[in-house]
Amino acid sequence: MSQTPPHLERLSLPEMVYRDLREAIMDGVFAPGQVLRQEDIARRFGVSRAPLREALPRLEADGVVVFNPRRGYMVTALDVDDIHEIFRLRALVEQDAARLSATQRTKEDIARAKALLDALAAQREVTDPASFAAWSKSHFAFHRALIEPAGHQRHIKIADSLRTQVEWYIRMEIALTGNTTQSLAEHRRMFQAFKAGDADKLAQLVSEHCEHTSERLIRAMNAQATRAAETAGAGKNAARPAVATPKRRVANAE
Amino acid sequence: MSDELPIIDNMKSEILSSAAAERPSLPEVVYRELREAIMSGEFEPGRVLRQDEIARRFGVSRAPLREALPRLESEGIVSFNARHGYSVAELDPADVTEIFRLRAMIEQDAARSAATMRTAQDIDALRALLDTLVATTDAADPQAFQNWARVHFAFHRALLLPSRCSRHLKVVDSLRVEVESYMRANMSHTGVPRQSNDEHRLMFKAFRDGDGDELARLIGLHCEHTAERLLKYLAARGKSA
Numbered sequence: 001m002s003q004t005p006p007h008l009e010r011l012s013l014p015e016m017v018y019r020d021l022r023e024a025i026m027d028g029v030f031a032p033g034q035v036l037r038q039e040d041i042a043r044r045f046g047v048s049r050a051p052l053r054e055a056l057p058r059l060e061a062d063g064v065v066v067f068n069p070r071r072g073y074m075v076t077a078l079d080v081d082d083i084h085e086i087f088r089l090r091a092l093v094e095q096d097a098a099r100l101s102a103t104q105r106t107k108e109d110i111a112r113a114k115a116l117l118d119a120l121a122a123q124r125e126v127t128d129p130a131s132f133a134a135w136s137k138s139h140f141a142f143h144r145a146l147i148e149p150a151g152h153q154r155h156i157k158i159a160d161s162l163r164t165q166v167e168w169y170i171r172m173e174i175a176l177t178g179n180t181t182q183s184l185a186e187h188r189r190m191f192q193a194f195k196a197g198d199a200d201k202l203a204q205l206v207s208e209h210c211e212h213t214s215e216r217l218i219r220a221m222n223a224q225a226t227r228a229a230e231t232a233g234a235g236k237n238a239a240r241p242a243v244a245t246p247k248r249r250v251a252n253a254e
Numbered sequence: 255m256s257d258e259l260p261i262i263d264n265m266k267s268e269i270l271s272s273a274a275a276e277r278p279s280l281p282e283v284v285y286r287e288l289r290e291a292i293m294s295g296e297f298e299p300g301r302v303l304r305q306d307e308i309a310r311r312f313g314v315s316r317a318p319l320r321e322a323l324p325r326l327e328s329e330g331i332v333s334f335n336a337r338h339g340y341s342v343a344e345l346d347p348a349d350v351t352e353i354f355r356l357r358a359m360i361e362q363d364a365a366r367s368a369a370t371m372r373t374a375q376d377i378d379a380l381r382a383l384l385d386t387l388v389a390t391t392d393a394a395d396p397q398a399f400q401n402w403a404r405v406h407f408a409f410h411r412a413l414l415l416p417s418r419c420s421r422h423l424k425v426v427d428s429l430r431v432e433v434e435s436y437m438r439a440n441m442s443h444t445g446v447p448r449q450s451n452d453e454h455r456l457m458f459k460a461f462r463d464g465d466g467d468e469l470a471r472l473i474g475l476h477c478e479h480t481a482e483r484l485l486k487y488l489a490a491r492g493k494s495a
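Chains as they are written, first to last, in the working numbering: chain A, 1 to 254; chain B, 255 to 495.
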């Protein structure tokens with residue numbers, strides 16, 4: 001399914017399983033709320049349960065899965081309050097790191113961010129899981145590139161984990177709207193401020209981007225919930241919002 | 255860990271731990287005990303954590319350790335090295351600066367919400383923690399000091415709890431755990447600084463009065479002062495080493 005990046009030489013098995021499982025969750029292979037049965041996952045990745053027992057607590061620490069004493073590990077399902085909190089926290093942490101980055105970035109940092117921005121522009125039409133995966137990788141890397149020059153490992157780690165937590169929802173939002181043009185315009189402006197070394201401007205844009213993304217995701221979650229309620233008739237199965245296939249299909253296709 | 259103050263026992267499930275489960279699983283218990291052993295300084299920064307040794311110390315097999323250690327690694331409390339295995343993470347001055355910078359920002363954000371959302375029970379709980387904190391400040395023996403440190407941890411957590419920002423709390427918890435053993439090592443020499451309890455008292459008042467701005471300001475100052483003390487301690491330790 002997912003391949004380990006080639007530049008990462010000799011990963012331990014638990015580390016590989018951890019990365020593969022995280023990526024599978026981000027890719028929507030396992031949907032929010034889904035119970036992760038250890039034997040199923042072990043079979044899917046062709047490993048024993050031992051490395052899973054190390055990977056799952058790590059994913060729990062990342063907030064990507066939750067542990068329920070009765071049902072075991074489940075993919076974290078988010079509600080509107082969670083989305084608000086995640087983007088509020090992300091805005092804080094990314095703004096702080098971005099301010100430092102804007103003043104410390106080197107020519108190489110600018111070139112790298114530019115390359116990722118170009119990739120985002122080239123990949124802006126997201127029509128299927130493969131094109132989403134490509135766009136998503138660039139998107140993740142672009143946001144990281146804007147804060148990495150600050151050299152603050154904890155800021156980066158927290159921002160990474162918050163970004164990972166909402167990935168499935170971003171996918172769903174894009175599946176509904178079919179394009180990434182609005183966010184691309186914002187990414188361009190962020191890059192300009194980063195390149196110009198304008199710390200205040202970059203911080204402001206990062207904050208606005210978080211706000212807009214949060215709003216878009218919540219709109220998409222509501223739309224998805226409405227749609228699910230309609231398909232479920234009287235709505236007795238009006239399950240949690242946002243548990244629907246991220247592809248361009250209506251919810252009853254499952 | 256025996257011999258805890260009753261107030262800690264009462265609040266353990268709500269305040270000290272994030273998992274609400276009444277009967278925690280064995281890996282969860284091992285995780286908490288190991289974390290506490292690191293915070294108390296029993297396993298000091300840089301110490302290699304040999305799995306057989308820890309298993310013996312806690313009277314468990316190695317299986318629950320294999321779940322607890324990666325979790326502690328994710329939280330930045332232990333680090334993993336392909337040759338030496340797991341060891342207790344060490345901090346340098348840049349780490350301390352980053353940790354307190356993040357903590358101030360995130361705690362201030364959660365505190366603003368907490369100050370407007372706190373209930374009468376939240377205020378009572380925080381007052382009880384403040385009273386215990388003040389009563390145990392002049393603790394002379396090491397065990398009493400460890401108790402003070404645990405109440406201190408619980409006090410800071412209780413300040414933010416009403417915000418219901420579970421992610422803010424989780425991040426702040428793990429940032430606090432990262433520096434906890436250094437804080438305790440420092441204070442076990444110097445004693446609890448008087449300034450620190452004055453600040454706790456003022457924080458309680460702002461929380462009680464629902465003054466989010468004042469609470470945020472005080473938290474900012476408190477983080478600044480704590481970071482300064484810790485940096486001094488690191489510098490002194492570096493010289494004597």
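In short, the hints are calculated from the structure, not lab data.
Just so you know, not all the hints are guaranteed correct.
[Unchecked claim] Derived DEER-like restraints, expressed as beta-carbon distance ranges:
| id | chain 1 | residue 1 | chain 2 | residue 2 | range |
| --- | --- | --- | --- | --- | --- |
| 1 | A | Arg188 | B | Gln375 | 46 to 54 Å |
| 2 | B | Pro447 | A | Ala115 | 45 to 53 Å |
| 3 | B | Ala317 | A | Lys114 | 44 to 52 Å |
| 4 | B | Ala336 | A | Ala121 | 37 to 45 Å |
| 5 | A | Arg189 | B | Val388 | 50 to 58 Å |
| 6 | A | Ser131 | B | Lys493 | 33 to 41 Å |
| 7 | A | Gly151 | B | Ser420 | 46 to 54 Å |
| 8 | B | Leu485 | A | Ala121 | 21 to 29 Å |
| 9 | B | Arg418 | A | Pro69 | 34 to 42 Å |
| 10 | B | Glu296 | A | Glu230 | 37 to 45 Å |
| 11 | A | Thr226 | B | Arg418 | 20 to 28 Å |
| 12 | A | Pro69 | B | Asp385 | 27 to 35 Å |
| 13 | B | His443 | A | Lys114 | 30 to 38 Å |
[As the list claims (entries may be wrong)] Coverage of chain A stretches by chain B, computed from C-beta distances (three or more under 8 Å per stretch; other residues unrestricted):
| id | segment |
| --- | --- |
| 14 | 108–121 |
| 15 | 178–192 |
Heads up, the beta-carbon is just placed ideally off N, CA and C, and yes, glycines get one too.
query = Is the gap between the beta carbons of B:Ala336 and A:Ala121 within 37 to 45 Å?
reply = Roughly 39 Å apart at Cβ, these two residues keep to the hinted range, so it holds.
Coverage assertion for the segment 178–192 of chain A with respect to chain B, Cβ distance below 8 Å, three residues required = With 0 residues closer than 8 Å to chain B, the segment 178–192 of chain A misses the three-residue bar; violated.
request  = Return holds or violated for the Cβ distance of B:Ala317 and A:Lys114 against the range 44 to 52 Å.
outcome  = holds (49 Å)
request  = Note whether the CB distance of B:Arg418 and A:Pro69 lies within 34 to 42 Å or breaks it.
outcome  = violated (22 Å)
Assessment of proposed distance window 37 to 45 Å (beta carbons of B:Glu296, A:Glu230) = For A:Glu230 against B:Glu296, whose Cβ atoms are near 59 Å apart, the range 37 to 45 Å is violated.
request  = Take the C-beta atom of A:Arg189 and the C-beta atom of B:Val388, compute their distance, and say whether it sits inside 50 to 58 Å.
outcome  = holds (51 Å)
query = Would you say the C-beta atoms of B:Leu485 and A:Ala121 sit inside 21 to 29 Å of each other?
reply = violated (45 Å)
message = Can you tell me whether the CB distance of A:Gly151 to B:Ser420 sits inside 46 to 54 Å?
response = violated (28 Å)
task = Go ahead and decide if the range 27 to 35 Å is satisfied by the Cβ distance of A:Pro69 to B:Asp385.
result = About 34 Å separates the Cβ atoms of A:Pro69 and B:Asp385, which means 27 to 35 Å holds.
message = At least three residues with a C-beta closer than 8 Å to a C-beta of chain B: is that true for the segment 108–121 of chain A?
response = violated (count 0)
task = For the range 20 to 28 Å, tell me whether the beta carbons of A:Thr226 and B:Arg418 fit it or not.
result = Holds: the Cβ-Cβ distance is about 26 Å, inside 20 to 28 Å.
key: Distance restraint hint 33 to 41 Å, applied to the beta-carbon atoms of A:Ser131 and B:Lys493   = violated (58 Å)
Hint compliance for this structure: hints 6, 7, 8, 9, 10, 13, 14 and 15 are broken, all remaining hints hold.
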